[in-house]
Amino acid sequence: MKTFRHWFGSLYRVWRREFSLVLRDEGVLIFFLLLPTVYPLVYTLIYNPEVVHDLPVVIVDDCHTQRSRQLAQMADATSAIKIVGYATDINEARVCMDQKGCYSIMHIPTDYDLNINREKQSKVQFYCDMSLLIRYRAFLAALTDLSLASDTEIQQQIINTDSSPVANQAVILGNPAEGFASFIIPGLLILIIQQSLVLGITMLGGGAYERRRANNGIDPMAVKAPVVATILGKSLCYFTIYIPLIVYMLHFVPIIFDLPRVGSMSQWLPMVVPFTFAAIFMGMTLQPLVRQRETSMIVVVFTSLLFLFLSGITWPRYAMGWLWLAVGDIIPSTWAVNAFTRINSDGATLQQNMWPLIALWILCAIYLTTAIILHKKDWGLKKFR
Amino acid sequence: MKCASLIAVISRQLRQMCRQPVYVVAMLVIPLIMALFFLSLLGPGLPDRTPTAIVDLDNSSMSREIGRNLNAMSTINISHSADSYSQAIDMMNSGEIYGFFLIPDNFEQHTIAGLTPTLSYYCNMAYYIPGTLTYKGFKTIAVSTSGAVVKTTLLNVGVDERQVETMLQPIVIQDHPLGNPWTNYAIYLCNSFIPGLIALMVMMITAYSVCIEIKQHTSRQWLSTANGNIYTALIGKLLPQTVIFIIVGTFIQSLLWGYSHFPLNCNPLTMITAMMLLIVACQAFALTVCCIVPNLRLSLSIVSLVGILSFSIAGLSFPVESMYDSIGIFSHIIPLRHYFLIYADQALNGIDIYYSRIHFVALLAFPLVAAMLMWRLKPRLSNPVYIP
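Line by line, the protein sequences give chains A and B.
Each residue of the first sequence is one higher than the last, beginning at 204 in this note's numbering.
Each residue of the second sequence is one higher than the last, beginning at -1 in this note's numbering.
The hints are simulated quantities; they were obtained by calculation from the structure and are not laboratory data.
Heads up, a few of these hints could be off.
Here are the simulated distance ranges between beta carbons [unchecked claim]: (1) A370(A) <-> T248(B): 49 to 57 Å; (2) A70(B) <-> Q554(A): 31 to 39 Å; (3) Y289(A) <-> M370(B): 28 to 36 Å; (4) I327(B) <-> M468(A): 46 to 54 Å; (5) S324(B) <-> I293(A): 51 to 59 Å; (6) M468(A) <-> R218(B): 49 to 57 Å; (7) Q554(A) <-> M274(B): 51 to 59 Å; (8) I293(A) <-> S258(B): 29 to 37 Å; (9) V241(A) <-> D350(B): 38 to 46 Å; (10) L237(A) <-> R17(B): 26 to 34 Å; (11) M468(A) <-> S77(B): 51 to 59 Å.
Chain B side only, calculated, beta carbon under 8 Å to chain A, not exhaustive [said to hold, decoys possible]: (12) V22; (13) V23; (14) L26; (15) N91; (16) Y126; (17) N154; (18) P317.
Remember, it's a predicted structure, so these values are computed and weren't measured experimentally.
Beta carbons: idealized from backbone N, C-alpha and C, even for Gly.
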């Protein structure tokens, strides 16, 4: 009983000491407070316009008929396309495109109207800049609507039917506005939690190592406690700091920017708790490997990009090879990004995301074990003594 | 600037780089691993065969034909079948599928009777790329199903088959994606994200190598090796890094355009020059930050935050013109933005270099700004104070 109480006592002392270490360390505060509060706002502000619309397009109208002008007007009426001018020929339009005056050229051929009247197929050419795929996507959607609308109109004139025999209805789930912020931000929020934790924790580890190097292998700021109590005490300290931040990021940021938020906190919170601990333990595992406060940044920052892609939010996981699937599986954010996106955006329940929840608890156990093993070994100490 | 002192600073820097593993990791290992990561991850180009489901409540010959047609689309793969709407939603919410196609009951009967039944399809746009591909595949089939019915009717009343085709689609809008006709995501993402990563690493290593001297109180020795000349000191320190990064960057470019055969519609030297300028501009950017905040932790934090944000703010995925003006304006001070626009103009679209002139000039402007702020750095190097 006494050892039990002693153990909890040291756990509490580690927790308290770590708190004061974090609060006194500006470098860590940048990662623990500034990054989670400011980054979500900055990212959402960048992507908040959500959709691209009124993209400049130049028309080359060789037909010059009422029907070709009507096609141009209909194109202009779509949300994606804005007709910024008419060019006499394709070369003039090309120059306009090179000067970034437009991103696409629509070429209506001489026989456009003639062919329709002859009941032959008319072909309109659309040349599109491909530097950004989101523009192409917007154009493509507009063109599909445009050709469907103009086809229906002409069909009505020719065959005199008033509707097609089968109607179709698209239902967009998860992100009904088809917006960019609505798509990427929920995943990024999860990633920010993990990356800021790992950055801050490795920086604390680097600081402790530097103190030991300066003091003959003894860290004057360390509390004498069993290894497991030290790791759990520190982890609980980070977790305490992150509770309000998690609520702010995952609950309030979507409200502030009106992002998809059909899931309830009761569904995602039980998943985010093991995720946060897994991320903390992952940071604690990396901690003994860091020898300097600042080097951690150089080797950790780039992983944000790696983990973003591994999570499958941008590039779907079903198209990945086994190697990258396996690498993704051992990263907590992979599971949490997918589970959170589905719960928050699609309104899924926790029960439907049982597998990510189990995986996160397994990762928690694995990273806790590795952290304990690495901290017990305490590589750096021997060198100083 | 004496040649001897410059060589002394360079050899001093080379010794440092050999001693500290972080240089090797950040300058060689990370850029190469990430380049291979992107190339192998995005290898297929387009994530075809999106897992989807069909909910066939009709089970007629017509509905089964729709199912077969759906499976023939390259973008989707009917990997599951559900008995009801709620079962399909359940599959979607647990991430097994990215969309489903619902055929209502009595579909065939209602179609023949002219009651206009509705085919509905559900796409999970929370996953942008799979959602879009699913939408595209489903919409094509839904529209062509309607077309097939019309075609049968018209043929039955004796309209000529060739004429039916025209009646169904009198206007065809043919889209020509210039430079990337395969709509290959690898071409698009590798050419923007890999240089972005190089830019990030260049900025961090530059800030690290300059400010670590202040932290470790070796900056005075560094300055004296350079005979007290700040320009010799900095050029000697940064030149070896510039050379190594240019070699790595050019090698990665050769992976993109040589090994992977991504479109390169310009003289390769143009893009190699752009890469050199990107690296120098990024070094200058980091140096500017170091001049303003000569503190290892702060300058490294700032360049890493900027480096990560530049993937977004440089408009690699969401266009700068569509951002808020007050945000988009910052894209001009990101070196990556100018490299990306040079890439789009030269390598992708192959237009005249005249149209990219402004971006070459912009990349050259970064070192000038850094040179103008150099006076701030010298006193800090002479009296190093480390603030943790």
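Now the hints, each set against the structure:
1. As the Cβ distance of A370(A) to T248(B) is approximately 56 Å, the hint placing it in 49 to 57 Å holds.
2. Against the hinted window of 31 to 39 Å, the Cβ-Cβ separation of A70(B) and Q554(A) comes to about 35 Å, which satisfies the hint.
3. Y289(A) and M370(B) have their C-beta atoms about 46 Å apart, which leaves the hinted 28 to 36 Å range violated.
4. For I327(B) and M468(A), the hinted distance range of 46 to 54 Å is not satisfied, since their beta carbons lie about 37 Å from each other.
5. Restraint check, S324(B) to I293(A): a C-beta distance of roughly 37 Å breaks the suggested window 51 to 59 Å.
6. In this structure the supplied range 49 to 57 Å holds for M468(A) paired with R218(B), their Cβ-Cβ distance being about 55 Å.
7. As the Cβ distance of Q554(A) to M274(B) is approximately 55 Å, the hint placing it in 51 to 59 Å holds.
8. Between I293(A) and S258(B), the C-beta spacing of about 31 Å keeps the proposed range 29 to 37 Å intact.
9. A beta carbon spacing of about 42 Å between V241(A) and D350(B) agrees with the range 38 to 46 Å that was offered as a hint.
10. A hinted range of 26 to 34 Å holds for the C-beta pair L237(A) and R17(B), which are about 33 Å apart.
11. Separation of M468(A) from S77(B) is about 32 Å and departs from the stated range, judged on CB atoms against 51 to 59 Å.
12. A least Cβ separation of about 11 Å between V22(B) and chain A goes past the 8 Å threshold, and the interface hint is therefore violated.
13. Below 8 Å, beta-carbon pairs count as interface contacts, and V23(B) has one with chain A at about 6 Å; its hint therefore holds.
14. Given hint, L26(B) at the interface with chain A, is violated; its Cβ is 13 Å from that chain's nearest Cβ, farther than 8 Å.
15. Residue-level restraint check for N91(B) holds (minimum Cβ-Cβ distance to chain A is 3 Å; threshold 8 Å).
16. Because the closest C-beta pair between Y126(B) and chain A is about 5 Å apart, less than 8 Å, the hint holds.
17. With its C-beta approaching chain A no nearer than about 13 Å, N154(B) sits outside the 8 Å limit, and its interface hint is violated.
18. Nearest Cβ of chain A to the Cβ of P317(B): about 5 Å, under the 8 Å cut. The hint holds.
Hints 3, 4, 5, 11, 12, 14, 17, counting from the list given before, are not met by this structure.
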